[in-house]
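Note that my numbering has the sequence shown beginning at 12, numbered continuously upward.
It is worth saying that the hints were derived from the structure and are not from the lab. If you're wondering where the values come from, they're calculated on a predicted model, not measured in any experiment. For every residue, glycine included, the Cβ atom is placed at its ideal position computed from N, Cα and C. One thing to keep in mind: the hints can contain errors.
[Unchecked claim] Dumping the calculated DSBU-like pairs for lysine-lysine here, alpha-carbon to alpha-carbon at most 30 Å:
hint: 1; residue 1: Lys-354; residue 2: Lys-364
hint: 2; residue 1: Lys-249; residue 2: Lys-235
hint: 3; residue 1: Lys-46; residue 2: Lys-235
[Said to hold, decoys possible] Simulated restraints on C-beta separations:
hint: 4; residue 1: Pro-299; residue 2: Asp-53; range: 51 to 59 Å
hint: 5; residue 1: Glu-295; residue 2: Asn-238; range: 41 to 49 Å
hint: 6; residue 1: Glu-136; residue 2: Phe-181; range: 39 to 47 Å
hint: 7; residue 1: Lys-96; residue 2: Ser-165; range: 25 to 33 Å
hint: 8; residue 1: Tyr-298; residue 2: Thr-278; range: 31 to 39 Å
hint: 9; residue 1: Ala-65; residue 2: Lys-235; range: 45 to 53 Å
hint: 10; residue 1: Ala-126; residue 2: Pro-361; range: 32 to 40 Å
hint: 11; residue 1: Cys-310; residue 2: Leu-113; range: 57 to 65 Å
hint: 12; residue 1: Asn-365; residue 2: Glu-136; range: 46 to 54 Å
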Amino acid sequence: MLVAAAQDGNFQIYPLAFGIVDGENDESWEWFFTKLASCVSDEYPLVIVSDRHASIINACEKVFPWATRGICYYHLQENIVKKYKGKHLLYLVKGAAYAHTLYDFDRYMDEIRSANPDLADYLEEADVTLWSRVHCQGDRYNLKTSNIAESINSALKRARGFPIQFLLEFIREKLGRWYWKRRGDALSLTTQHSRGVEHLLAVREENAYTLRVQQIDGWKFFVKGGNRDCNVDLELQKCDCGVYQVEKIPCSHAIAAGTAAGVHISTLVWPVYSKDTLFAGYSENIYPCVGQLVESRTCFPPEVKRGPGRQKKSRWQSWLELSRMRGRKPRKQHRVYRCSVCKETGHKRPQCKN
12 MLVAAAQDGN
22 FQIYPLAFGI
32 VDGENDESWE
42 WFFTKLASCV
52 SDEYPLVIVS
62 DRHASIINAC
72 EKVFPWATRG
82 ICYYHLQENI
92 VKKYKGKHLL
102 YLVKGAAYAH
112 TLYDFDRYMD
122 EIRSANPDLA
132 DYLEEADVTL
142 WSRVHCQGDR
152 YNLKTSNIAE
162 SINSALKRAR
172 GFPIQFLLEF
182 IREKLGRWYW
192 KRRGDALSLT
202 TQHSRGVEHL
212 LAVREENAYT
222 LRVQQIDGWK
232 FFVKGGNRDC
242 NVDLELQKCD
252 CGVYQVEKIP
262 CSHAIAAGTA
272 AGVHISTLVW
282 PVYSKDTLFA
292 GYSENIYPCV
302 GQLVESRTCF
312 PPEVKRGPGR
322 QKKSRWQSWL
332 ELSRMRGRKP
342 RKQHRVYRCS
352 VCKETGHKRP
362 QCKN
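The task is simple: from the sequences and hints, build the whole structure.
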């Protein structure tokens with residue numbers, strides 16, 4: 012099953028399309044993207060974040076040649092851990108991927124090159140525009156991974172073994188419950204924006220009280236304090252820290268500048284986070300398919316050779332995911348050796364004391 016999902020104005024998963032195919036190949040992904048293009052507007056720049064599957068790349072170039080591509084940082088991290096040693100390298104790569112400014116990105120890349128030049132070359136060959144937030148040519152917001160699609164797969168895990176008809180009905184029922192609940196939550200809002208955005212604004216507004224503001228002209232300000240001093244342009248909605256441009260939500264510097272200028276903070280937030288936009292996303296109903304005549308026919312099982320062992324409903328998790336689920340820090344997997352004499356791990360037969 013192929014899934015396309017987005018994120019709504021309350022940082023919640025917003026399913027876009029589901030497709031049931033025989034396998035992940037070029038034909039399947041091209042068909043899926045062709046159907047997806049009929050329900051995705053091309054008025055705004057489109058950013059597609061996925062893993063580095065070759066079929067996804069080929070289909071995206073054919074159907075959405077104008078879209079901006081991005082790769083999942085989590086999958087990039089898995090490849091790095093398998094190829095390069097050093098736990099501290101993961102934190103440097105994460106800092107470079109999550110950096111909001113070119114200065115911070117270059118600083119992390121210089122540290123990576125000093126620690127491991129091969130890793131720096133690998134990251135540059137992977138195309139920084141695909142995994143670096145500051146180099147992304149589209150609006151990626153706060154999405155760094157493709158985990159939202161994986162979360163939908165987990166929510167549908169119980170029905171993965173159902174026949175296609177029952178699987179689709181299971182999806183419809185679950186989406187119907189999501190739409191009904193989130194539509195009610197949007198209607199009950201007493202603020203102009205979603206709860207997630209209002210909470211984020213409250214935290215940043217508290218930090219803005221400690222900043223000092225110097226007005227340059229009607230819309231430009233110089234804000235001092237915090238981790239760095241920044242120039243803020245409220246008209247262009249830009250700040251030197253880079254957070255405002257990426258998230259489309261005012262940072263602490265922009266909030267401090269807006270407060271000094273007498274501008275209401277809610278007017279600085281992009282309309283995609285508004286209450287009206289959130290409600291519009293869930294305003295339509297998902298109706299069940301009832302009263303339709305289904306032709307009676309004999310349905311034979313598919314001609315698929317069943318493999319040995321118990322069939323899994325979910326995908327195999329990588330060792331990096333398993334280590335994080337257990338609360339351990341990610342580290343490179345090593346082969347566990349077992350002594351052929353005493354059958355204990357940690358040593359071989361020449362070192363055995365038994």
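Fill in: Non-conforming hints, listed in increasing numerical order
Of the numbered hints, 3, 4 do not hold.
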